[in-house]
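Student: As numbered in mature numbering (1 follows the signal peptide of the UniProt record, and there is no 0), residues -39 to -1, 1 to 588 make up the sequence shown, in order.
Some hints could be false.
[Said to hold, decoys possible] Here are the simulated DSSO-like cross-link-like pairs (lysine-lysine), alpha carbons at most 27 angstroms apart as the crow flies: (1) 565 - 524; (2) 492 - 524; (3) 211 - 140.
[Claimed, not checked] Quick list of simulated restraints, FRET-style, between CB atoms: (4) 547 - 336: 49 to 55 angstroms; (5) 490 - 402: 23 to 29 angstroms; (6) 377 - 536: 31 to 37 angstroms; (7) 357 - 419: 18 to 24 angstroms; (8) 345 - 508: 38 to 44 angstroms.
Please keep in mind that the hints were generated in silico from the structure rather than gathered at the bench. Predicted model only: the values in this text are computed from it and were never measured. All C-beta atoms in this analysis are idealised placements derived from N, C-alpha and C, irrespective of residue type, glycine included.
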Amino acid sequence: MSAGSFFMSSLVSGLRAQPSAVALAAAAALALATPLANAQTSTLDPVSVTATRGAAQRVDQALAEVTVLDRADLEAQAGRSLAEVLAAQPGVQFWSNGGLGKTASVSLRGLEARHTLLLIDGVRYGSATLGLPIWDNLPLDAIERIEIVRGPLSALYGSDAVGGVVQVFTRKARGAGLKAHGRVAVGSHGLRQGSAGLNWAEGAVDASLGLQTLRDEGFSATNPRERFGSHNPDRDGLRQRGLTGRLGVKLGGDWRAELLGQDQRGKSQYDDGPGADSRTQMNSRVLALQVGGTVSGRWHSQVRVSRSVDESDVQVSASPWMDLGVTGTTQQQIAWENQLQTDLGRVLLLAERLEQDVTRPGQAYEVSHRSIDAYAAGLTGAAGAHHWQLAARHDRNSQFGHQNTGSAAYGYALSEAWRLGASLGTSFVAPSFNQLYYPSFGNPNLQPEEGRHQELFAQWAQGAHQLRVAAFDNRIRGYISSGPAPTNIPRARIKGLSLSYDLSWAGWTLNASADHLDPRNASQGTAQLDKLLPRRAKTHLRLGLEHSWGDWTLGGQLRHAGKRYENATNTLEVAGHTVLDLRADWRLNADWALGLKLNNVADKAYETATGYNQPGREWQVVLRWGR
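All chains should be built: construct the whole structure from the sequences, respecting the hints.
Tutor: Encoded structure:
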């Protein structure tokens, strides 16, 4: 099928499947846009570095769909965790096994949770045993900025970046002198949260240090629908504390060295039957040193050496307590990135090595070490109405041999307001150590997944308005199934439509989005042919509205998710839900602010995974100082 016929067939099938959802969102967006077509926005255009892996690019000029959340945006979010904040963004789905600190998964554009790469200041952050990012142990108070890039980025970042990349940037010093910031919060379920930080800059040296702590008594993570006999109607809480820091030194010219580190520790309770709760001690550490600067007028180079550790120590509720031991992942990486400005655009040349080591208590993994050597090249450029981005990458995996991936994207500006674009890409994902070798669970015969991806988009931006519609099609061979004894499913296909509209005018901000997915098993001759992939809702709608006047800001977001299925045979349904969140902010003076959040106003009882509760009505009062 050609790209054009794919776009039209996807658009028509999507509108037929959800006439009231997508059509209503489109009509509302256009109706709002018409009377205000000449309104002007006073906000600066956000910039992303993740979509190009290094070169700063305005979000409205990116050929991928990009969302940037700064510190003010994070304070405005209803979500109390990184995963919950991401779930409120277009094209993102979320499911979890309860409240704060419980296992959570984030899916971009209907792909698997393991198809999303999480970076912390450029460093891979996740579990190689599970093959998943770790969303549960990074406090929001430590974050300054988040970039979300949707679409296949394996040609830039390698395995795991199939659905996209989420990059988190921790807080750092801005401006000269010594500055302090802090935040305290109290809320439902015995929530007590605090953070404090210092930023200092003088001459060629700058530094920042942050402390975070959280205590949440929680609510029952499970209900009687839980399928494995683990339900216990008690409260399942979380204790968490963290330390983040960075030190930067200007070396001369624009050369700079920076040392970054963080240490996050949490203890989460979870239901394990009618007795006392079991608990998991979660430890995550990141350490990185990077040096970069301009070698010559058109050549910028940077070297980064990093180490990240993820550890999980489970204590089950036997009598006495039984410590099952530590399951851990250590990832060490060295990357040399070069940006060269040429007449065709900015060229990226990359060489990197990643080493992964895993441990588990008792019987060791059959293979516990993996190394990946990679080389990549990219080109991002523009000339007149034309924009392009190309990338190619070669990975040499010590377990699975050689893999090649590539991508190509093109955009054309029809006018100052309208732009059309298309992209193609390939991807691969290596199986995790648990999928391969976990006793009585893994399958050592698994092979990497390979994917082909395409997207067409149209974008309109005028004055205070931005409208974007995209049709995408992801086809994966050797799709790895979930659960015990995973296998390579011959084919899976995830296609969909994404529509988003943003308005910022005269103190009003409106954000609306509609996502329609069709994520299916596409393996001919199997019983699961055309079955929906587990835990993916076909419909997601979001509407956010905010108004600021003087020192006050009032806002809210309405979110709707359609039904989904818990299992691959589509026999166990998880009902859809609609949730309304409200908030108010009062800026007391230049440095102090008071906030109130009321989430799930209607106290809706709902699940994102069968048998696991999501929070009911919650309140939170926040006091902030500093910037």
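Student: Among the hints numbered above, which are violated by the structure, and what are their numbers in rising order?
Tutor: 6, 7
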